[in-house]
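Undergrad: Below are the chains, spelled out letter by letter.
2 protein chains.
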Amino acid sequence: MAKRNYIFDTIKQVFLLYGFQQIETPALENLSTLMGKYGEEGDKLLFKILNSGDFLKDAPDELLQGRDSLHLTNKISEKGLRYDLTVPFARFVVQHRADLQMPFKRYQIQPVWRADRPQRGRYREFYQCDADVVGSDSLLNEVELVSMIDDVFARLGIHIVVKLNNRKILSGIAEVIGAPDKIVDITVAIDKMEKIGLDNVNAELREKGLTDEAVATLQPLLTLDGANSEKLDSLRQMLQGSEVGQKGLDEMAYVLDHVDALGLKAQVELDVSLARGLNYYTGTIVEVKARDVEMGSITGGGRYDNLTGVFGMPGLSGVGISFGADRIYDVLNTLNLYPASLIASARVLFINFGEREAAASLAIIRQLRSAGISAELYPDSAKMKKQMSYANDRHFPYVAIVGESELENGTVALKNMATGEQATLTPAELAERLH
Amino acid sequence: MAKRNYIFDTIKQVFLLYGFQQIETPALENLSTLMGKYGEEGDKLLFKILNSGDFLKDAPDELLQGRDSLHLTNKISEKGLRYDLTVPFARFVVQHRADLQMPFKRYQIQPVWRADRPQRGRYREFYQCDADVVGSDSLLNEVELVSMIDDVFARLGIHIVVKLNNRKILSGIAEVIGAPDKIVDITVAIDKMEKIGLDNVNAELREKGLTDEAVATLQPLLTLDGANSEKLDSLRQMLQGSEVGQKGLDEMAYVLDHVDALGLKAQVELDVSLARGLNYYTGTIVEVKARDVEMGSITGGGRYDNLTGVFGMPGLSGVGISFGADRIYDVLNTLNLYPASLIASARVLFINFGEREAAASLAIIRQLRSAGISAELYPDSAKMKKQMSYANDRHFPYVAIVGESELENGTVALKNMATGEQATLTPAELAERLH
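Chains as they are written, first to last, in my numbering: chain U, 1 to 435; chain W, 1 to 435.
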C-alpha cells in the first residue's frame with residue numbers, strides 16, 4: 001500500500017496542479033448502462049449482481065427449462081460492477097449536465113472489475129487513474145494532457161517516450177489508398193517494421209488484400225523516419241488528396257509545436273502505427289512507453305467526439321488519458337525507483353519496560369505526535385529481544401528507550417537503527433532530532 | 001469529494017501518527033467467507049455475484065422447477081461484495097499469519113456494500129474507516145485508540161463525548177441479578193432513564209420478566225451518577241459477588257486512569273448502558289457521540305477475543321474502532337466546520353485571449369506549477385463574460401490576465417476574486433503573490 005499510495009499520490013498531486021476535480025462513481029451501475037459498450041467479449045467479462053430476494057419469481061419457464069443461462073441473465077440480474085471509468089463518467093456527465101460548468105475537467109482514481117482469468121498483468125480488480133476534459137474542442141487540452149504526462153513521470157523518475165497520432169491522419173491514409181476497411185491491418189503492419197523488415201511487411205499487406213498500387217502508395221509511410229517535422233512533411237506530401245488527412249496533420253502540428261515550446265523532459269514522437277481504440281477516438285491518440293524497461297503502454301488516451309451520444313447527449317467533445325497504475329508499479333519495482341523514505345512504520349518505536357515506564361513513554365509520545373512525528377509504544381512489556389525484533393521487522397528508523405534510569409533523569413535514550421548510534425536526550429531534544 | 005477527502009485525510013494522518021499500516025482487501029470475497037457472519041438478515045443483504053459463463057449448467061432440476069431462489073443462490077453464485085471491513089480483515093490475518101509481525105496494527109478505508117433499501121443515512125455503498133490492533137491483549141491498546149479518537153475529532157473541530165463500557169461489567173451485572181439472558185433488556189432500559197424516569201424503567205424491567213429482587217439489586221445501576229470514579233465505586237459495591245464483574249471494573253479503571261493522564265480534549269464517560277455488538281465484543285466497548293448535534297454514534301468499537309476463530313485461528317485477541325465517515329460528514333455539514341480553504345478549483349485561472357496570449361500563458365503556468373501552485377488556462381478563447389462566469393462558478397480565488405499590453409510588457413494582471421483588487425505583476429512576482 002505504501003508503494004501504491006506513492007503512485008496514486010504523485011498522480012493526484014499533478015491532477016490537482018492542473019485544476020482537475022475529483023469525482024467518484026458507485027461500484028454498481030445498471031447493466032443497461034454497461035452492456036453493449038465494451039463489445040461482445042466485454043459483456044461476458046462484466047461481473048453481474050444477482051437480484052435480491054426471490055429473483056426467480058418472474059423468470060420465464062422456457063428459459064429455466066432450457067437452462068438458457070445467456071438469456072436468463074438479464075431476468076435475474078439488473079446491476080453490474082464498473083468495468084472501466086469512462087462509461088460511468090459519460091453516464092455521470094449526462095446525469096449532472098445541468099450542474100456541471102463546461103469545460104469540465106474531472107479526474108477519477110478507482111478500481112474496476114473484469115471477470116477475466118487472472119494472470120500476471122491481468123487482474124480481476126485493478127485501479128484506473130483517469131483525467132478527462134469534456135466540453136471543449138480546443139487542442140490546448142491535448143497540450144495540457146501531454147504536459148501532465150511529462151510532470152507525472154518526471155516526478156516518478158521514469159524516462160518515457162510519448163507517442164502521438166491522430167485518427168484523422170489514419171483516415172486520410174485509408175482515403176488515399178482507397179481501402180478504409182484496411183486501416184487496422186496497415187497500422188499492425190507498420191508496427192512490425194522494426195521486427196520483420198520492409199519486404200515482409202509489404203508481403204503481409206498484400207496478403208491482407210491490399211492492391212499493388214495501394215502498397216506502393218504506402219511506401220513513404222513505412223519508411224517514415226527522422227524528426228517529427230520531417231515526418232509531418234512526408235505525410236503532407238502523401239496525404240495531399242485527403243481533406244481529413246490534412247486536418248489531422250494540422251492538429252498534429254499544432255500539438256507538437258505547443259508541446260515543443262514547453263520544453264518537456266519526455267521524448268515526444270509522432271508515430272503513425274499508433275491505433276489504440278480506433279473505433280472510439282476521433283482525433284489525437286496518445287500512448288506512453290517507458291524507455292528503460294520492456295513493458296506495454298503505461299498510459300494512453302485520446303480525443304473522442306461522441307462520448308455521451310449513446311446516453312442521449314450528442315456533440316460533446318472530450319479528450320482524456322488513463323494512467324496504468326499497475327504497470328507503473330511494475331516499472332518502478334523493476335527499476336527500483338521508489339524513494340528511500342517510503343517506510344510503512346512509524347518513525348520511532350518506544351520499548352515497553354513495564355507499567356511506570358510505559359505511562360511515561362505515552363506522555364512523551366503524545367508530545368511527539370502533536371509535533372507531527374509518528375510514534376508507537378510496544379503495547380506489552382515483552383522480552384527486549386521480542387520487541388527489538390518487531391522494530392527490525394517493521395523497519396523502524398529509530399527506537400526509543402525509557403528505562404529506570406531515564407525515568408529518573410527525565411530523559412530518553414534514542415537509538416538510530418541504521419547506524420546503531422545512541423544518544424541520551426530530553427523529550428524536547430528528541431522531538432527536534434526526529435524532525 | 002473535496003469534503004470527503006478532508007475527512008479521510010484527517011483520519012488517515014492520525015492513523016499514521018499512531019503507526020497503523022494501511023491494507024486494502026478486494027471488493028469480492030468468496031461467499032463461503034461472508035455467509036453466516038452477519039446473521040440471517042446480513043446474509044440477505046449481501047450482494048452476490050452471478051457466476052460467469054453457463055451458470056445454470058449444473059443447477060439441480062428440482063431447484064429450477066421449484067423456482068427455489070433461496071437454495072439456487074449458492075449453485076449459481078460463489079462470490080459476494082464486501083459487507084464490512086472486519087470479516088475480510090480476519091480472513092486476511094489468517095491467510096497472511098506467517099508474514100505478519102504481531103502485534104499487527106492495520107487501518108483500512110474502503111467502501112462496503114449492502115443490498116438495503118436506500119434512505120437517508122443508509123446507503124447501498126458507503127465507506128468504513130477501521131483501525132485494529134491484533135495479537136496483543138494489553139489495555140494500552142485501548143488507551144491508544146481513545147487517544148486516537150480524541151486526535152481525530154480535535155482536528156475536525158467536533159466536540160465529542162467518548163462513552164466506555166466493558167462486556168465483563170455487563171456479564172457481572174447479569175451474574176449478580178441471576179439473569180444472564182436479560183442483559184440486553186437491562187441495557188435498553190438503563191438507556192431510557194433520562195427519557196422516561198426511574199419508575200417507568202422499573203416497570204419495564206418487571207415486564208421483561210425480572211424478579212422484584214433482581215430489580216431491587218439493579219437500583220444502584222439505574223441511578224448511577226457523578227464522576228467516573230464515583231460510578232466505579234458504586235459498581236465495585238454492587239458487583240462484589242462477581243469475579244468477572246470485578247475483572248471488568250479493573251480493566252475499566254486502568255483505561256480511565258491512563259486516558260485521564262493524557263489530558264484529552266474529549267469528555268470521557270463510563271456508561272453502563274452501552275451494549276453495542278454484545279455477541280461480538282468481549283472486553284472494552286467504546287462509542288463516540290457529537291456534543292453539539294443530534295446524531296447517532298459517529299465512531300465505535302471494542303475488544304474481541306476471537307475474531308479469527310471462525311477461520312481456524314483461535315485465541316487471537318484484538319481491539320479496534322471504526323470511524324463513521326458518512327455521519328461525520330453530516331455533522332461537519334450541520335455545524336459548518338469545513339476549513340475555508342477547501343476549494344475544488346485550481347488557485348488561478350488564466351483567461352484565454354487568443355493564440356499568442358494563450359501560448360505565453362502556458363509558459364507562465366508551467367512555472368507556477370513547478371512552484372507547486374495549481375493553475376489553469378481556459379482552453380478556448382471564448383467571450384470574456386463566459387470565461388469569468390466559469391471562474392465564478394468554479395470559485396477560483398484568482399484570475400490572471402495576459403492580454404495584448406501584458407504580452408508587450410512581459411507582465412500579468414492578477415485579479416483577486418474576493419476583494420476585486422487588481423495588480424500588474426512580473427511572472428516571478430506572480431508566483432510569490434500566489435504562494
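The set of hints was computed from the structure by calculation and includes no laboratory data.
Owing to the predicted nature of the structure, the values given are computational and were not obtained by experimental measurement.
Some hints here could point you the wrong way.
Note that identical chains are pooled: a pair holds if it fits in a single copy or bridges any two copies.
[As the list claims (entries may be wrong)] Taking lysine-lysine pairs in the DSS-like style, the calculated list, with each CA pair at most 30 Å apart, reads:
| hint | residue 1 | residue 2 |
| --- | --- | --- |
| 1 | Lys247 | Lys386 |
| 2 | Lys247 | Lys208 |
| 3 | Lys12 | Lys386 |
| 4 | Lys247 | Lys44 |
| 5 | Lys383 | Lys247 |
| 6 | Lys3 | Lys44 |
Undergrad: Each hint: holds or not?
TA: Tested hints:
In this assembly of identical chains, Lys247 and Lys386 lie within 30 Å of each other by CA distance solely across copies; the values are 28 Å between and 70 Å within a copy. When the C-alpha separation of Lys247 and Lys208 is checked against a cutoff of 30 Å, the pair qualifies only within one copy, where the shortest distance is 28 Å, while the shortest distance between copies is 83 Å. In the homo-oligomer, the alpha carbons of Lys12 and Lys386 lie at most 30 Å apart only across protomers (28 Å), although the nearest pairing inside one protomer, at 39 Å, exceeds that limit. Within a single copy, Lys247 and Lys44 get their C-alpha atoms no closer than 38 Å, and across copies no closer than 58 Å, so neither meets the 30 Å cut-off.
For the homomeric pair Lys383 and Lys247, the shortest alpha-carbon distance between copies (25 Å) is at most 30 Å, but the shortest distance inside one copy (75 Å) is not. Taking the shortest alpha-carbon separations for Lys3 and Lys44, neither the intra-copy value of 32 Å nor the inter-copy value of 37 Å comes in at or below 30 Å.
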